[in-house]
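Trainee: The residues making up each chain are set out below.
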Amino acid sequence: IAGITQAPTSQILAAGRRMTLRCTQDMRHNAMYWYRQDLGLGLRLIHYSNTAGTTGKGEVPDGYSVSRANTDDFPLTLASAVPSQTSVYFCASSEGQTDTQYFGPGTRLTVL
Amino acid sequence: SQQGEEDPQALSIQEGENATMNCSYKTSINNLQWYRQNSGRGLVHLILIRSNEREKHSGRLRVTLDTSKKSSSLLITASRAADTASYFCATDRGDAGKSTFGDGTTLTVKP
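Chains as they are written, first to last, in the numbering used here: chain P, 1 to 112; chain F, 1001 to 1111.
Just chain P, same shape as in the assembly (with noise of 0.2 Å):
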């Protein structure tokens, strides 16, 4: 079935730690995002990559980077974890730049 996953599903994280959040589409979509949604309030943007090879700064990019060096994957690293960016993670893809956005499960991300 054609979609978007990530992985893991959830993640307790101590400070200082190094971590990639996952992020794989089967759709063949040209655009890729990752966002953060912090409880009660809605998505804000990490970063984005309009196509394979190019990435992009969102509305909340600080301590955190991304490749995305083919079409499927668009990985999410936090370099050193800080509690503030405890917080439910989703990437999305579309087809191309305005586009719907699909979705995927998110990965809940707790930072000690």
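These are computed hints drawn from the structure, not numbers from a lab.
Some clues are possibly wrong.
Stated by the list, open to error - Derived pair list, reagent style SDA-like, types lysine to any residue, alpha-carbon separation capped at 20 Å:
hint: 1; chain 1: F; residue 1: 1056; chain 2: P; residue 2: 29
hint: 2; chain 1: P; residue 1: 57; chain 2: F; residue 2: 1093
hint: 3; chain 1: F; residue 1: 1070; chain 2: F; residue 2: 1049
hint: 4; chain 1: F; residue 1: 1026; chain 2: P; residue 2: 41
hint: 5; chain 1: F; residue 1: 1026; chain 2: P; residue 2: 59
hint: 6; chain 1: F; residue 1: 1069; chain 2: F; residue 2: 1059
hint: 7; chain 1: F; residue 1: 1026; chain 2: P; residue 2: 45
hint: 8; chain 1: F; residue 1: 1026; chain 2: F; residue 2: 1064
hint: 9; chain 1: F; residue 1: 1056; chain 2: P; residue 2: 16
hint: 10; chain 1: F; residue 1: 1026; chain 2: F; residue 2: 1048
hint: 11; chain 1: F; residue 1: 1026; chain 2: P; residue 2: 44
hint: 12; chain 1: P; residue 1: 57; chain 2: P; residue 2: 29
hint: 13; chain 1: F; residue 1: 1110; chain 2: F; residue 2: 1048
Unchecked claim - Sample of chain P residues facing chain F (criterion: CB under 8 Å; computed from the structure):
hint: 14; residue: 41
hint: 15; residue: 42
hint: 16; residue: 43
hint: 17; residue: 90
hint: 18; residue: 98
hint: 19; residue: 100
hint: 20; residue: 101
hint: 21; residue: 103
hint: 22; residue: 104
hint: 23; residue: 105
hint: 24; residue: 106
All residues carry an ideal CB built from backbone N, CA and C; glycine is no exception.
Place chain F on chain P using the hints.
Mentor: Frame of chain P, contents of chain F only:
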């Protein structure tokens, strides 16, 4: 800053009633999309309306867009308990494909 803001923050209605949620935004947009999020799940796309459109329908959903007022509304008719979820609007200005989400309206439909 948030481009899209939903109103009300929370809405509680009885099954069978209609639910109306509003979204206001600040700058010109390419399109506006409504998404639904069930508790603990990812967002699911409901409907997209482009800046040159005024109204769109999809099943029990009706979306309007007033670009002069920079606002949109989502109407869910004949609501069901299964419609209980949070609803978000996302505005797309066409710049590098970045959509901006509001904080959502939490809808509770009582059976």
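Trainee: Take the hints in turn and mark each one as holding or not.
Mentor: Verification of the hints:
At most 20 Å may separate the alpha-carbon atoms for a hinted pair to count; residue 1056 of chain F and residue 29 of chain P exceed this at roughly 25 Å. Proximity of residue 57 of chain P to residue 1093 of chain F is assessed by CA-CA distance (about 16 Å); at most 20 Å being required, the pair is judged to hold. With a C-alpha separation of about 13 Å, the suggested pair residue 1070 of chain F and residue 1049 of chain F falls inside the 20 Å cut-off, and the hint holds. With a C-alpha separation of about 19 Å, the suggested pairing of residue 1026 of chain F with residue 41 of chain P holds against the 20 Å cut-off.
Distance restraint check for residue 1026 of chain F and residue 59 of chain P: the Cα-Cα separation of roughly 16 Å lies within the 20 Å cut-off, and the hinted pair is therefore satisfied. With a C-alpha separation of about 26 Å, the suggested pair residue 1069 of chain F and residue 1059 of chain F falls outside the 20 Å cut-off, and the hint is violated. At roughly 18 Å between alpha-carbon atoms, residue 1026 of chain F and residue 45 of chain P fall within 20 Å of each other, so this suggested pair holds. For a cut-off of 20 Å, the pair hint linking residue 1026 of chain F to residue 1064 of chain F stands: about 17 Å separates their Cα positions.
The straight-line distance between the Cα atoms of residue 1056 of chain F and residue 16 of chain P is roughly 48 Å, outside the 20 Å bound, and the hint therefore fails. A threshold of 20 Å between alpha carbons decides the hint, and for residue 1026 of chain F with residue 1048 of chain F the separation of about 18 Å falls inside it, so the pair holds. For the hint pairing residue 1026 of chain F with residue 44 of chain P, the CA-to-CA distance comes to about 17 Å; that is within 20 Å, so the pair holds. Proximity of residue 57 of chain P to residue 29 of chain P is assessed by CA-CA distance (about 19 Å); at most 20 Å being required, the pair is judged to hold.
Proposed proximity of residue 1110 of chain F and residue 1048 of chain F is contradicted: the alpha carbons are some 27 Å apart, above 20 Å. Hint on residue 41 of chain P holds. Least Cβ distance to chain F is approximately 5 Å, under the 8 Å limit. The closest approach between the C-beta of residue 42 of chain P and any C-beta of chain F is roughly 4 Å, which is under the 8 Å cut-off, so the hint is satisfied. The criterion of a C-beta within 8 Å of any C-beta in chain F is met by residue 43 of chain P, whose closest approach is roughly 4 Å, and the hint holds.
Because the beta carbon of residue 90 of chain P sits about 6 Å from the nearest beta carbon in chain F, less than 8 Å, this interface hint is met. Satisfaction of the interface hint for residue 98 of chain P is found here, the shortest Cβ-Cβ separation to chain F being roughly 5 Å, below the 8 Å cut-off. Interface hint at residue 100 of chain P: satisfied, since its Cβ lies 5 Å from the closest Cβ of chain F, which is below the 8 Å cut-off. With its C-beta approaching chain F no nearer than about 7 Å, residue 101 of chain P sits inside the 8 Å limit, and its interface hint holds.
Evaluation of the residue 103 of chain P hint against chain F yields a held restraint, the C-beta minimum of about 4 Å falling below 8 Å. For residue 104 of chain P, the interface hint holds, since its Cβ comes within 8 Å of a Cβ in chain F; the closest pair sits about 6 Å apart. A least Cβ separation of about 5 Å between residue 105 of chain P and chain F falls short of the 8 Å threshold, and the interface hint therefore holds. Hint on residue 106 of chain P holds. Least Cβ distance to chain F is approximately 5 Å, under the 8 Å limit.
Hints 1, 6, 9 and 13 from the earlier list are contradicted by this structure; the remaining hints agree with it.
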